[in-house]
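Take these sequences, add in the hints, and give me the full structure.
Number of protein chains: 2
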Amino acid sequence: MTPHSGSPECEYSVRPIGSVRSPLRSPADAPKQGSEGAPDAWIDVHEQHVEGLQGLRPGQEVVVITWLHQARRDLLRVHPRDDRTAPLAGVFATRSADRPNPLGLHPVTILQIDGRHLEVGPLEALDGTPVLDIKPVLSRER
Amino acid sequence: MTPHSGSPECEYSVRPIGSVRSPLRSPADAPKQGSEGAPDAWIDVHEQHVEGLQGLRPGQEVVVITWLHQARRDLLRVHPRDDRTAPLAGVFATRSADRPNPLGLHPVTILQIDGRHLEVGPLEALDGTPVLDIKPVLSRER
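Chains A and B supply the protein sequences, listed in that same order.
Under the working numbering, residues 10 to 151 are what the first sequence spells out, in order.
Under the working numbering, residues 10 to 151 are what the second sequence spells out, in order.
Just the calculated beta-carbon pair ranges, DEER-fashion:
id, chain 1, residue 1, chain 2, residue 2, range
1, A, 49, B, 32, 40 to 50 angstroms
2, B, 93, A, 93, 49 to 59 angstroms
3, B, 68, A, 96, 12 to 22 angstroms
4, A, 48, B, 63, 28 to 38 angstroms
5, B, 123, A, 18, 17 to 27 angstroms
6, B, 91, A, 66, 17 to 27 angstroms
In case anyone wonders, no lab produced these hints; they're calculated from the structure.
The beta-carbon is built from N, C-alpha and C at its ideal position, and this holds for glycine as well.
Right under this line is the structure:
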């Protein structure tokens with residue numbers, strides 16, 4: 010019997026559509042969030058996905074979704090912001106990179122587009138981080 | 010040689026941490042975005058991930074990340090909002106479900122928490138949609 014689409018036995022595979030090129034080389038250098046002094050960076054989109062960029066333009070706000078490949082996937086509780094004096098919190102109540110599916114969400118502005126290369130910022134992701142998706146930002150009204 | 014973390018040959022696997030329980034049963038019923046009249050819905054978090062919810066509370070705004078398991082992954086250009094009179098746009102310039110890694114981002118408010126079950130809204134995801142992650146919303150200042 011095929012497991013239900015959302016069951017814990019299901020597994021789906023993601024593949025990078027590009028990767029981050031950044032002066033940030035180690036987690037020690039990286040701010041926790043883009044708004045905390047992160048640099049601008051480039052996203053190098055793979056050749057086979059370049060057609061998907063059509064319609065993006067400088068000045069636009071987008072969300073970049075990354076795969077935080079250096080994260081731990083076996084933690085369900087963490088000390089927020091790596092502060093070991095802070096009480097443990099569930100990973101879904103934090104933005105910790107350590108979580109079962111280590112997806113990073115980065116709201117950035119597109120600064121320039123050069124073919125398949127997008128300059129964006131501010132971006133706290135490390136150099137070499139896989140990029141899984143880029144989406145335009147929608148405002149939320151309820 | 011191991012491929013570079015962000016190279017197109019790399020593949021990472023994601024597993025649902027839960028799934029959506031919603032009155033929305035077919036794509037024809039679903040609004041394009043949560044703000045367009047989507048109903049409230051439940052997220053049933055799997056037993057093994059319940060510890061990760063610690064610290065979440067009703068009233069909080071979170072982003073739910075889903076896996077849009079019914080989407081097409083082979084499209085790089087689409088007609089925005091399924092309007093076939095609209096010019097084709099790159100999928101990364103749209104919020105189309107059809108994209109190489111069909112990740113859905115849903116900003117919602119937590120309405121109530123009952124053990125491993127979270128009522129959230131508004132949520133345009135279909136019943137049975139796998140949930141990959143839940144993250145608190147950060148305001149962005151640049």
